[in-house]
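Heads up: the protein sequence lines correspond to chains V and S, in order.
My numbering applies: residue 592 is where the first sequence begins, and numbers increase by one.
My numbering applies: residue 9 is where the second sequence begins, and numbers increase by one.
Hints should not be assumed to be uniformly reliable.
[Unchecked claim] List time: in silico BS3-like cross-link candidates among lysine-lysine, alpha-carbon distance up to 27 Å: (1) Lys726(V) to Lys628(V); (2) Lys762(V) to Lys111(S); (3) Lys111(S) to Lys809(V); (4) Lys260(S) to Lys762(V); (5) Lys762(V) to Lys656(V); (6) Lys778(V) to Lys628(V); (7) Lys762(V) to Lys728(V); (8) Lys66(S) to Lys260(S); (9) Lys111(S) to Lys260(S).
Just so you know, these hints were derived from the structure itself, not from any lab.
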Amino acid sequence: MVTLEYVSRLQVVSGKGGTGKTTVAAALALALADEGKRTLLVEVEGRQGIAQLFETEALPYEERKIAVAPGGGEVYALAIDPELALLDYLQMFYKLGGAGRALKKLGAIDFATTIAPGLRDVLLTGKACEAVRRKEKSGRFAYDYVVMDAPPTGRITRFLNVNDEVAGLAKIGPIHNQAQAVMRVLKSPETAVHLVTLLEEMPVQETADGIAELRAAKLPVGQVIVNMVRPEVLDAAELELVRGTARSSFAQSLSAAGLGGARRGGHAERLVDPLLAQAEEYAERYALEHEQRAVLGELGLPLHELPLLAEGMDLAGLYELATELRKQGMS
Amino acid sequence: MSPDAERQHRLSPARVLDLDPLLDDPGTRIVVCCGSGGVGKTTTAAALGLRAAERGRKVVVLTIDPARRLAQSMGIDSLDNTPRRVKGVEGAGELHAMMLDMKRTFDEIVEAHADPERASAILGNPFYQSLSAGFAGTQEYMAMEKLGQLRARDEWDLIVVDTPPSRSALDFLDAPKRLGSFLDGRLIRLLTAPAKLGGRAGMKFLNVGMSMMTGTLGKLLGGQLLKDVQTFVSAMDTTFGGFRTRADATYKLLQAPGTAFLVVAAPERDALREAAYFVERLAAEDMPLAGLVLNRVHGSGAARLSAERALAAAEDLDLVGDRAAENLEESRIVDQEDGKAGVRNSPDTDGSSGSPTSNRTVPQLTAGLLRLHAERMQLLSREQRTRDRFTALHPEVAVAEVAALPGDVHDLAGLRDIGARLAAGRPELPETAEE
């Protein structure tokens, strides 16, 4: 937390499927909600993952408070529904409430939000940027930070860049202007795109590819968050020692700890093989994890690590991860 | 209830999914692997394809977005949208593999169904170019289209399909319907109206509506984009009439007896929640579900030793180890009753990591092994809880479990190994120790 670095107001969290990006996004929203601060956690893929994490009922298309953070700040959440967002948009920016209803009757809204999925991405990014820029009457920002649980790494660059494409398609008119305004926010230091990964080959590879794509598109890459890091129970030197130790010595130790007889066929003795097999699996994973950490180190980005929660993910665990992110200076 | 007794009372899946008969049955023509991202769906599809081929079938695997190494392991690192024969397959069958290229597939449809002049107009349309290059959703349509094409070619007797890593699960099932409702919709008629109606008197009312609409859309989109969209939509209307018919046919094909859906998941809460959703959704669509493939399942050869007991024993040994380190000559003296009484260390904050290790004693190393075991048992019980939840909701679903591997698959041998594990249906474990 002792950091003077500028923290971007729009924090986009992406990552390969299965890496826990929704969890990290939620923990980050909690971490950023310091005393007196207000964050908005935005879900764009309609899976109600946020509601499940915070153990609340399904979120409507409406910003509502879902948590009070450890420092006393507040976390609001919003699950964006593309169809409602479009109607919202037409009204807000183009004063076209009536036309919106007409479009809906004609199936145009359906067209925009399902058949032409690019427009769906326009709405999702547009809505998030609107929340970032929104101000209260007092002049202060409605939300200090907006955290987006974004589409996965493979799709994130295209998702964020969709407005560039739109601005290219609609060369004049309000859509063009709106698209450009959104891109200005997304390409500025006001935005940071974080990638969540695991210490496994495929997610790390995808993270490296994703960063290259983001950079090529001139989108601001934030930090890499390694999720579900397992504790180091034995280090490399200890694993070496394990390999060099006689089975009978382990059997004696196990027996001494009250786990049965050490003689051949005794309970303790029969535990040795499976325990050593598990140690071998651990050693193999340990070596792979070291390789992957080295690959991540070469990306030249700040790395954060979040522990695997032994008891599984629940609300208490979420707060634990938020505290961890604060400790590591991510907020 | 003691932890041991609890374990014995757990639910276990009612049925084990037996995959070999499914792969061997000549009546099985399509296997669709679906599931959320990051659960090993593509690897499962590739492993099943290889296994079926090595059991004598002529197989094509359609992958959507394979990890580079996996694609290379099958020799399909060139993204050219055409099935390529995989080398190194043993046995009488054949394995072909391809990666879906959305844009190419879309372009091919246009080229196949429009005269050259119209085709080049569509291909050059900026709106088309954006749409076809791969926004979310396009992948689903094109995967369906490609599946239909492969089936129509009838060169393979089994098609294994990997589905897009779509979060809005089963979007690919909706694709034909959505496209259908769009093509039948009033919007497309309005957008294409100028070309078709040509100001016929009887259509006056529609024309009024039309000009109001174009006015609104023009204001919204800008005149030039509206023109692009109109051109695109009208070309699509005349060109893609057959698309809907084909998409409907593919949808029916998926419901047909020759198709088997496999839901792929990992024993994690989110993945299994998605899996349950897939199972329900497939049932609602009358799609034939063969079962659930549960990847990355952990086991232990010492499952009778609970995490709690392993941790307690590790604490005993730490104390013994500390004393032994202080007094190396006495390292064999052990008094377990003393050990149990005095330990207050928590397992996570003890000195077993970070400190110099060259003089680690056997008791300390043994304590490490026990802690690894405790971690494994906690993982097992977490996995078991999530699986029990799924089984309770869907006891009718047959399950094939695949043991977790420490690393990723890089070659055919790795895929073959996974195929064997899939067919076994249950992870092979060493005999359980103790008792």
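Among all the numbered hints in the text so far, which are the ones the structure does not match? Numbers 4, 5, 7, in rising order.
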